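Undergrad: With chain P held as given, fit chain B onto it using these hints.
Going down the list, the protein sequences come from chains P and B.
For the first sequence, this note's numbering puts the final residue at 133, and the numbers step up evenly by one.
For the second sequence, this note's numbering puts the final residue at 1370, and the numbers step up evenly by one.
Hints are supplied without guarantee of correctness; some may be wrong.
[Claimed, not checked] Lysine to aspartate or glutamate pairs mimicking EDC-like chemistry, simulated, CA-CA at most 20 Å apart:
no. : chain 1 : residue 1 : chain 2 : residue 2
1   : B       : 1150      : P       : 122
2   : B       : 1007      : B       : 1267
3   : P       : 106       : B       : 1239
4   : P       : 106       : B       : 1276
5   : P       : 106       : B       : 1005
6   : P       : 4         : P       : 80
7   : B       : 1016      : B       : 1005
8   : B       : 1016      : B       : 1265
9   : P       : 96        : B       : 1162
10  : P       : 113       : P       : 80
11  : P       : 25        : P       : 47
12  : P       : 43        : P       : 111
13  : B       : 1312      : B       : 1118
14  : P       : 106       : B       : 1267
15  : P       : 96        : B       : 1308
16  : B       : 1098      : P       : 81
17  : B       : 1221      : B       : 1265
18  : P       : 106       : B       : 1162
19  : P       : 96        : P       : 122
20  : P       : 96        : B       : 1310
21  : B       : 1098      : B       : 1118
[Said to hold, decoys possible] Short, incomplete list of chain P residues facing chain B, as computed with Cβ under 7 Å:
no. : residue
22  : 88
23  : 90
24  : 103
25  : 105
26  : 106
27  : 121
28  : 122
29  : 125
Worth flagging that the hints you see were computed from the coordinates, not collected in a lab.
Only a predicted model underlies this, so the values are computations on that prediction, with no experimental measurement involved.
The C-beta atom is built at its ideal place from N, Cα and C for all residues, glycine as well.
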Amino acid sequence: MKTKVVLTFSPEASNQPITHNLIAKHHLLVNILRAEIDEVGGKMVLELSGKADDIRGGIDYLKANRVGVRPIKEGVRRDDEACTHCGMCVSICPTKALTIDPRTGKVSFNEEKCVACGVCIDACPPRAMEILI
Amino acid sequence: MTADEFKSFVRSNGVKKAAQEVDVVTTGTFGAMCSSGAYINFGHSEPPIKMQKIWLDGVPAQAGLAAVDGYIGATALDETNNMTHGGAHVIEDLVRGKAVRLRATGYGTDCYPRKEIDTWVSLQTVNQAVLMNVRNAYQNYAAATNSSSKTLYTYMGKLLPELGNATFSSAGAVSPLINDPYYRTIGVGTRIFLGGAQGHVIWEGTQFNPGAPRTPNGVPKRPAGTLAVLGDLKQMNPEFVKGLTFTRYGSSLGIGVGVPIPILDEDMARFCAVTDAEVMTAVFDYSHATRTRPVLKEVSYADLRSGEIEIKGKQVPTSSLSSIYKARKVAEVLKSWILKGEFALQEPVQSFPRDRPLRTLDVRTEREAT
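Excised from the complex, chain P in its bound form:
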C-alpha cells in the first residue's frame, strides 16, 4: 500500500537519519515529495510504500522519535464557499491536484494528489486555499 504523510520535526529530530531508518529498518520505499528545514525545525512530505504493517511500524518509529506525523489531507484546505472556480490554480499546481472539469466548469481539488507545496496559496484571487502546515 501507499500513503502520503506530512512530517514536522524539531531541530534535534532533524539531526537523525529518519528517512534512512524508514528504508533500512522498516523496509519502506520512501519518495520525498517536499523537504525544508530552518532554524525552528523541518517539514517533509513523504510518500511511503510497503506492507501495511511496515508502514504502521515506520509511523510508530517516527512518533517515538518526536516527529509529528499527519495525513496529507490535513496539508492544504480549500474553502469551497470562497472558491469562484476561476481556475488560476490549475496551471501552477505541479501535481495536477487541481483540475477543471470542462463540462461543469468547476475546479476540483484532489487531496490525494496534493503534496502541500503551497504554490496555489498566494495565486488564488479569492484566497480560498489555506495551508495548514
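TA: Just chain B, lined up with the frame of chain P:
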C-alpha cells in the same frame, strides 16, 4: 436560451432556424474587473461635515463630491495591510450586509462645522450605494505568459518562469460583447445583469477600442469594446460580487455581468453562434514591463481551454482567471428572469461609436497637448 444552449442549437439546426425560433440569447462573464467601484451617499451627520478625506475599513475612498458623497474604487488599498485588503473587499462586505467603519475628516466651514467623524455604516444606513464601473466586460482580452527566469505576480495572476504557465481572462464565446461584435444591440441604456441585480449600460467603457483587429466573423482578436455599467449595490448578491487579491498587484473586484442579446435577424444569430474555436487572442510576454509587450502566439479559446498550448516548442499549461462556471450561471439566472417576466429587454437609447482611437499617455509639453 443561454449562449451555450444557442450555440449547440445552431450546430444541430442551423442559423436560419435559430433566427426564426430564438428570441433572446443570454450571455455572461464573471471575472476580475479592476475598473469598478461604488459611489455612496452616507447621509448628513449632526453637526454636519464636509468630508475631504474618507476611509472605509481603512481603505481610502474618493471625496471631493459635495459633502457626504464618496466613491470607493475596487483597487484602492488599505496601506497598512500589504496589498491584501482593498476597495473590492469593502464592496463585497457591504453586499454581504456587513457594517464597515467610516472615518472622515474635513476642514470645517460655517455650514459644515464638524471636522471629523468615526462611525459605522452599512447598506441599511446609507442613502444611495451604487456600483458604477467605468470599464467592465472587455470584448476579448490578452493571454499572458512569462519568458523570464523569475516568477511574476501580475494582474493576470501568478506567471511561472520559463513559460511555466499561461493565463487568460475572457469568458470567450459566452462573453457578452463577443456575441454582438459590432454593438448592434448593446448600447447606452441596455438593461443588464450586474452583480446579481439588474443594472444598465451607461456609456461605452473606458479604453473602448472598436478598431482592434478582427477575424472575418467580426470578433476582435485583441482587447476591443468595453462597457461602463451601473446598478444598485443594495440589490446585489455576494455570489456575483467578490473581492479578489492578486499577490503583489493588489485588489480587484470579481463581478458577474450578463447581457441579453435579441436575435433580430440571421446576422445576429450568426454572431451569437460563435464558438471558442473561432475566438482568437494573443499570448503576450509579460516579462516585458512595457505597454507594447511582444506577442508570442495567436491562439483560440478552445486551445486555451484544452489545458495547454504550445509556445516555442514547449507545452505550456493554461489557467483561466475568469470563472466559466459563474459566467454560465450568470447566463442561466438572466435567462430565468426573462422567462419569468422579471426582466424586460431595453433597446439602447444611443449606440456606441464605431470610430474611437485608443490613445496613449506620453510625457509631453503643454503645447504638445493642445
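Undergrad: Check the hint pairing residue 113 of chain P with residue 80 of chain P against an upper bound of 20 Å on the C-alpha distance.
TA: Given that 20 Å is the threshold and the Cα spacing comes to 18 Å, the pair holds.
Undergrad: Given the hinted pair residue 1016 of chain B and residue 1005 of chain B, is their Cα-Cα distance within 20 Å?
TA: Roughly 16 Å separates the two Cα atoms, so the pair holds.
Undergrad: Would the pair residue 106 of chain P and residue 1267 of chain B pass a check requiring their Cα atoms to be no farther apart than 20 Å?
TA: violated (33 Å)
Undergrad: Keeping to a limit of 20 Å between CA atoms, is the pair of residue 4 of chain P and residue 80 of chain P held or broken?
TA: violated (23 Å)
Undergrad: Need the status of pair residue 96 of chain P, residue 1162 of chain B: alpha-carbon distance at most 20 Å?
TA: Given pair residue 96 of chain P, residue 1162 of chain B holds - Cα atoms ~19 Å apart, limit 20 Å.
Undergrad: For the pair we were handed, residue 1016 of chain B and residue 1265 of chain B, check the Cα-Cα distance against 20 Å.
TA: holds (9 Å)
Undergrad: Below or equal to 20 Å on CA atoms is what counts here, so check residue 1007 of chain B against residue 1267 of chain B.
TA: holds (14 Å)
Undergrad: Holds or violated: is there a CB of chain B closer than 7 Å to the CB of residue 122 of chain P?
TA: holds (4 Å)
Undergrad: Given the proposed pairing of residue 106 of chain P with residue 1276 of chain B, does the C-alpha separation stay at or below 20 Å?
TA: holds (18 Å)
Undergrad: Does residue 106 of chain P pass the interface hint, meaning its C-beta sits closer than 7 Å to a C-beta of chain B?
TA: Holds. Min distance 5 Å.
Undergrad: Can you confirm whether the C-alpha distance between residue 1221 of chain B and residue 1265 of chain B stays at or below 20 Å?
TA: Outside the cut-off at roughly 24 Å; violated.
Undergrad: Quickly compare the C-alpha distance for residue 106 of chain P and residue 1005 of chain B to 20 Å and report which way the hint goes.
TA: holds (18 Å)
Of the numbered hints listed earlier, those contradicted by the structure are 6, 13, 14, 17, 18, 24, 27.
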